[in-house]
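Asks: Protein chains in written order, with this note's numbering: chain B, 1 to 591; chain U, 1 to 313.
Hint data in this document are derived by calculation from the structure and do not stem from the laboratory. Check the hints yourself; a few may be wrong.
[Unchecked claim] To be clear about the criterion: a stretch of chain B counts as covered by chain U if any three or more of its residues have a C-beta under 8 angstroms from a C-beta of chain U, and this derived list gives those stretches: (1) 110 to 119; (2) 285 to 291; (3) 454 to 467; (4) 499 to 508.
For glycine and all other residues, C-beta sits at the position ideal for the given N, C-alpha and C.
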Amino acid sequence: MKKSLLAVVILAASIALVGCTKKKKDIGKVLHMPVPMAVKGFDPIHASDKYASDEIGKVYEGLLQYHYLKRPYELIPNLAEALPTVSEDGSTYTFKVKKGILFQDNEAFPGGKGRELVAADFVYSIKRVADPKLQSTGWWVLDGKIAGLNEWRKENSSKKVVDYSSVVEGLKALDKYTIQFKLTKPFPQFLYSLAMPFHFAVAREVVEKYKKEFLNHPVGTGPFQLTSKFNAQTRKITYIKNPTFRDKFYPTEGSEGDKEKGLLGSAGKKIPLVDKIEVSIIEEEQTRWLNFKKGNLDFNSIPKDDFANAITPSKDLTPEMNKKGMKLHIAASLDVTYSAFQHTDPLFKDNKKLRQAMSLGYDIKKVNELFYNGTAQPAQSIVPPGISGFMPSYNSPFRGRDLEGAKKLLASAGYPEGKGLPEILFEHIGTSPTSRQMAEFFQKNMSDLGINIRLSSNSWPELLKKIRTRTAQMWGIAWGADYPDAENFLQLLYGPNQTPGANGSNYNNSEFNTLFKKAAIMQAGPERKALYEKLNRIAAEEVPLIYGVHRTSFVIAQGWLKNFKATEFTGERAQYLGLDLDLKGKLAKEF
Amino acid sequence: MNIWVYILRRTLYVIPILFGVTFIVFLLFNVLNDDPTYQLLGKHASEERAMELRKELGLDKPLYMQYLDVVKSAVTFDFGRSWKSKQLITEMIREGAPVSLSFTLPGFFISTVLGILISLLVAYYRGTYIDKFVVFVCICGMSISSLAYILFCQWYFAYELGLFEISGYEYGFPDFLPYVSLPIIIWLILSLGPDVRFFRTIMLDEIYQDYVRTARAKGLSEPYVLLKHVLKNALIPIITYVVIQIPFLLLGALLIETFFSIPGLGGILVKAIYDQDFPVVKAMTVFISVGYIIFNLLSDILYTVVDPRVRLK
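Chain B on its own, in the form it takes in the complex (with noise of 0.2 angstroms):
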């Protein structure tokens, strides 16, 4: 027994000990990102969500990007020479890609020595998004719009191995550094599609050598390259600069009030500014906070239940935070959080006024008080703020609290009181608390108005099948920007992409869809925008859905780190941050 409980001990104790020793200490400039979920692979053409898409922009890159400091956002070329030349009739794009760009140095290269970029590296790469074998989830943005891109994914659905050198009318390289787009007609969005990480540039000597193990061994043109093959089990992901980077320097100009935020500090320097990064994959909200208090983390978002102890009433940082050099970032999320009425249901489809009763009685300042600490934007409409089409100045007369005009909208829809109306079932996810919370403010609000709601939890699976069969009769649910254009919101409301498209609450107005149709083909410019408001308007007095809130996020980062700007689209932000190592280190004593 002795011997046993001796073996205990030291075990125990070797624990502790080896427990107690510190992890080895940073050498060079090395960033700490966290990400909050797990990163599936490096496969371009299947970073379909944020954190893929994040961490595939640190090793790939596209034709264009968007500006780090300029909002709104404006896109500006990345592995293009320049913008492209447009056709008159909008449907021809040619590009001239950058000439000495080399791909990252890897075996599958004769020599091991990354080759050249050209044009056909695109032509290919866009090609594997249509290739039906390889079911991209980028697919969906160029679905129709090159022209003879689908009828090539048709051709080769059928076949054993996809032929890639077949010609595609619309893709072509004209010769070394040109690339050439014909479109099926106008899509002015075309452009944010190639700064989409669907479209980067992969070599085809690279995935042709790992084959379906290419999401594991990135090899693109980009600022940062991966120390190993990618381990999808993986918590931590190191990277470090890329030797063969090209030239690319930080931009000398940005948005009002950048300079005085010292975020012209590092005008003109070669980029990427550090020397290695390790993403940290957090998935828990209460670790990554503690990490990033703790100094572990450079950056981090503040969680729901930590606001109050970080953030002060009027949105600065706590004293405890401040004597740390901790710096506080706010800026809107291009997103809308809404509940949705199914049109299939003659309750909602046929009764204007029963949806703008409801809308009024919601208290979306109450919502935000409660479940956005008072951050959000409560939406008048569909399209959210830093977009064209956005109405700073417009007030929706269906948003509220007005309870006595809800009371009255309701009786002239015809169920004074509530009365006659039946019971409306409302989904919503029951895993997440907030959610199952929402849905029970909701509820109350609706029972003020005499209006009967019960609650139905789901999975988020099960709430996904009853939108897509339509057996959803309202449910809770937002949008994220996929790129900064009114389109990608406005669309949800689009009769033709019923479900299972995109407009999963089915709403058809004709007047809405003609106009929508007309909008969705122009080129940017007063008139789009005049069309996009109109649009807006009806998105807003229709009320097709009941509007919550334009999300604000709130980041706070550590004193030493520089040039952070919070932005919609990170993928290519690691490279313009910087580190003070002088300031690290003497705020180190308070951490």
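Given chain B, work out where chain U should sit, using these hints.
Replies: Relative to the frame of chain B, chain U by itself:
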């Protein structure tokens, strides 16, 4: 019966069990479940894309052919790739299982040994305040949610006192040790209560047997009686309890791994069910079933080792 014949016979049980398990999983996911393609395609799904994806995943085949594919993968242990992440499932298991074991195995070993020792101690002091105190502590410990332990230990010992890493993991020995120390301690806290209560019951069952009275009558000391007689005779239920837990150690611990960002297998099955990632669910179910059968067999064999009177039939 020859032990090898017994092992062979029990190994053959794997076949009907695998058929049963794969059939139930297949029924749940491919017949009763909703079409997974829409969830896999995300917010831009369309009927046409869903149809293409169904074809690519083999979901357009007749049901019996789909089931045969499931059986084939279970027999060959070739589960293909995850529908969600496109990663090779065997690779996911190969990478994740050792990581889970790096904290579950030491935690399990220490808690089992400590549990047995404490249960012997309380059996020795049965009915006294020491016994009552240990039982009280065990019940209190078991009444608190595992989440509370995790949140408190992570905040207090790792964040406030800085004794441990808050989260993370490094591959390779001994680099992983700083990251698994606190998870092991939490595992111990979580396991000791139920372990001690269970082992104590076994020890107390044995301690009133005639042979114990005889041993004491022969003048043997109490520690000798406990260690040489009581413990040895209590080993059969202990083996059943302990060995059968081993395959589940490979699966890690969902909450501990999530909160400490440990890249193990904890939660892989839960996430796969949530994502409707059928190949992963299939692989993990087969994996657990086979592990369960193997360790069940192992515990049967161990019975014959600890008690020569036991015969395998």
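Asks: All hints, please: hold or fail.
Replies: Results for each hint:
Under the rule that three or more residues need a Cβ within less than 8 angstroms of chain U, the assignment of the stretch 110 to 119 of chain B is violated, with 0 such residues. Counting residues of the stretch 285 to 291 of chain B whose CB lies closer than 8 angstroms to any CB of chain U gives 4, so the stated coverage by that chain holds, three being the minimum. Counting residues of the stretch 454 to 467 of chain B whose beta-carbon sits less than 8 angstroms from any beta-carbon of chain U gives 6, enough to reach three: the coverage restraint holds. Coverage of the stretch 499 to 508 of chain B by chain U holds in this model, with 3 residues showing a Cβ closer than 8 angstroms to a Cβ of that chain against a need of three.
Checked against the numbered hints above, the structure breaks only hint 1 and satisfies the rest.
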